[in-house]
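**Q** Sequence:
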Amino acid sequence: MATTLISFVWNNKLGLPSLPPPGTFNGQTILVTGGSSGIGLAAAVQFIDLGAASVIITARNKSRGDAARQSIEAQTKTEGKGRVKVMELDMNTFAGTKSFADRVKAEVKSIDCVLLNAGLLNTEFVPSSEGWVEEIQVNVLSTALLALLLLPWLKIVGKGKAHLGFVTSGLLQDVDINGDFPKENVLAYFNKPENRPKPPPRDPMYPLSKLLEQYIANEIAKLALGPDGKPEVIVNTICPGMTVSNLARQYKTSLAASVAVGAFLRLIAKSTAGGARTYILAALTTPSEHGKFINHYLSEEEYKTRTVKNITGEEGRRMQAGVWAEAIAILGESVPEITKFVASTNA
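Numbering (our numbering), first residue to last: 1 to 347.
Just so you know, these hints were derived from the structure itself, not from any lab. You may find that some hints are simply not true.
Restricting the straight-line Cα-Cα distance to at most 20 angstroms, the calculated cross-link-like pairs of lysine to aspartate or glutamate (EDC-like) are [unchecked claim]:
id, residue 1, residue 2
1, K222, E300
2, K159, E88
3, K292, E302
4, K81, D102
5, K192, E326
6, K292, E314
7, K304, D176
8, K109, E88
9, K292, D174
10, K62, E73
11, K98, E73
12, K98, E314
13, K183, E326
Computed beta-carbon distance windows for the label pairs [stated by the list, open to error]:
id, residue 1, residue 2, range
14, P199, G51, 41 to 49 angstroms
15, G82, A325, 38 to 46 angstroms
16, A106, K340, 16 to 24 angstroms
From the three backbone atoms N, C-alpha and C, an ideal C-beta is built for every residue, glycine too.
Modelling step: build the complete structure from the supplied sequences, incorporating the hints.
**A** Laid out in structure tokens, this is it:
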């Protein structure tokens, strides 16, 4: 037991990937959703330190975004240089997500990397403005919508070199899609309070939402391929590992439990700066790494072996196809251009 814990702490907290040399991102423009706090903010700092000409972060409101911008500028000593830009993004609605995508395409002239980092974790059923439980709304549907709206634009302005990263989670490997798991209409099924997965040992809705996001990302990686089968946008999924961050700011539990969890995380989890290093690596992947799960604690073979039960195996592939079709149908009702884009790309 002690050896296992030591190994975990080493792999997760101490055995961090190295940062690339200074100037690696010279002249580049990077977009980080959810960059106003946590790992997203730490990644923004590192991109600036590594030479990025412009880092765009998103926040749900202007005051939060401005505070984050000031923090990033102070940490990187770039006050007054205009290298950090804030854009408001409300992923609780399809309209807010589309409005943001439209603004990005209108205002940003070139882009090198988009990191879809925004996400949330709840411990109870909380519906979004669209009527979807928030984990599905934000982590799955709005993330899919934003990626699909930006993908055609990324192909053009990125000139075949742009990166699109989805922040999923290694916890997705714990989700069992056999047994009582629904065989169809998965999003609709888990949108009912009575069907919310029950603990213990931890709330399972977050890992479930990240598995569903992984399915979406895998399908979008296919859409990113050109006629010659080569990626026109390099798509990856990313897991920074266990990190001390404020992702769980909406995590409602007892004070004693919160203190205990916080102390435990500080003991075994890496800092947000440590977690952000994996984001940096994801912005440097090559076309040969298109579609891969970027992390620092599992080899590619280990990842494939651990996810054969819910992603890479026959049932996982069937489930992915069903979730993708369901998501596109849902998004197409609110944003018809999504249906047209997917249909034309698959033609």
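**Q** Which of the listed hints are not met by the structure?
**A** 2, 4, 11 and 12
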